[in-house]
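J.: If you're matching them up, the sequences are chains A and B in order. If you read the first sequence in our numbering, its first letter stands for residue 13, the second for the next number, and so on. If you read the second sequence in our numbering, its first letter stands for residue 13, the second for the next number, and so on.
Derived by calculation from the structure, the hints in this document are not laboratory data. It should be emphasised that the depicted structure is a prediction, and the values quoted were computed from it without experimental measurement. From the three backbone atoms N, C-alpha and C, an ideal C-beta is built for every residue, glycine too. It is possible that part of the hints are untrue.
What the hints assert, rightly or not - Computed footprint of chain A on chain B; a stretch qualifies when at least three of its residues, placed anywhere within it, have a C-beta under 8 Å from a C-beta of chain A: (1) 38 to 51; (2) 62 to 68; (3) 82 to 89; (4) 92 to 105; (5) 109 to 115; (6) 119 to 133.
Stated by the list, open to error - Label pairs and their in silico Cβ distance ranges: (7) 77(B) with 67(A): 19 to 27 Å; (8) 39(A) with 28(B): 28 to 36 Å; (9) 121(B) with 55(A): 20 to 28 Å; (10) 29(A) with 73(B): 34 to 42 Å; (11) 120(A) with 102(B): 28 to 36 Å; (12) 29(A) with 24(B): 32 to 40 Å.
Claimed, not checked - If you only want the chain A side, here are some residues facing chain B, beta carbon under 10 Å, derived: (13) 38; (14) 81; (15) 111; (16) 130.
There are 2 protein chains.
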Amino acid sequence: MQTQAVAEQFTKFYYDTFDRNRTDLASLYRDPSMLTFEGVQTQGVNSIVEKLVSLPFQKVAHRISTVDAQPSNPNNQSIVVTVTGQLLIDDETNPQMFTQTFNLIADGGSFWVYNDIFRLNYA
Amino acid sequence: MQTQAVAEQFTKFYYDTFDRNRTDLASLYRDPSMLTFEGVQTQGVNSIVEKLVSLPFQKVAHRISTVDAQPSNPNNQSIVVTVTGQLLIDDETNPQMFTQTFNLIADGGSFWVYNDIFRLNYA
């Protein structure tokens, strides 16, 4: 599958899962996975899911604005993806802008998240 | 050198060079390098520098807000960096927010840019 198509399919699945049930994101991370969330670093599937589940909101909705992807090594075994979008938390009506970067590693027909960097964009 | 220190040093050098003389960025790219600039893809040092030099402004100043970095492979031979910041173009006084992701490859004591994804963030 083409890089951009993989990135878009992954991104849709990731945010659908995040917005429905964050614990289900565990299937996308492994022990070497790294997450830097608003500057705080976490490593490993358990720590990452614990961090994501602990975020202090009940409801969240991600709206994707852009998805850009490139192969991140010459063997087409990994893909770097940068997403920009908007985040609606709980009953707020003003979305917050965010940026998220993933580095995805191919394993058979699927991909897992090696790198994950999340930032809110403040004007 | 530590991942975060490399990322900050690279980022400072990149934007200082960009804002002073974009053609000097040629030293940071190679033929396999990829740039996706506002969704437009380019590959190779010559095409990338041509794209950057052709951007329609005379003066530009990047202000860095955040720099997040992680090793992007298990051998510490590459680093993924996501930068958020503000961009001041020509004589405008309202900065535009931007996001840029680099994947840097180690070569001896220095790093070159394998992946480069740039996006303006629109509210």
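J.: Tell me if the interface restraint on residue 130(A) is satisfied: Cβ within less than 10 Å of some Cβ in chain B.
T.: holds, 9 Å
J.: Double-check residue 81(A) for me: the hint is only fine if its C-beta lies closer than 10 Å to a C-beta in chain B.
T.: holds, 8 Å
J.: Do the beta carbons of residue 29(A) and residue 24(B) sit within 32 to 40 Å of each other?
T.: holds, 37 Å
J.: Quick one: are residue 120(A) and residue 102(B) within 28 to 36 Å, going by C-beta?
T.: violated, 50 Å
J.: Was the hint right that residue 111(A) lines chain B, CB cutoff 10 Å?
T.: Because about 4 Å separates residue 111(A) from the closest Cβ in chain B, which is inside the 10 Å limit, the hint holds.
J.: Are there at least three residues in the stretch 119 to 133 of chain B whose beta carbon sits under 8 Å from a beta carbon of chain A?
T.: holds (count 5)
J.: Taking 19 to 27 Å as the stated bounds, is the beta-carbon spacing between residue 77(B) and residue 67(A) within them?
T.: holds, 21 Å
J.: Assuming the hint says 34 to 42 Å, is it satisfied by the Cβ distance from residue 29(A) to residue 73(B) or not?
T.: holds, 39 Å
J.: Count residues of the stretch 92 to 105 of chain B with a Cβ under 8 Å from any Cβ of chain A, then say if the count reaches three.
T.: holds (count 3)
J.: Apply the coverage criterion to the stretch 82 to 89 of chain B and chain A: a residue qualifies when its Cβ sits closer than 8 Å to a Cβ of the chain, and three qualifying residues are needed.
T.: holds (count 5)
J.: Apply the coverage criterion to the stretch 38 to 51 of chain B and chain A: a residue qualifies when its Cβ sits closer than 8 Å to a Cβ of the chain, and three qualifying residues are needed.
T.: Coverage by chain A holds here, the residue count being 4 at a Cβ distance below 8 Å.
J.: Confirm or reject the claim that residue 121(B) and residue 55(A) have a C-beta distance inside 20 to 28 Å.
T.: holds, 27 Å
Of the numbered hints stated above, those contradicted by the structure are hints 2, 8, 11 and 13, listed in ascending order.
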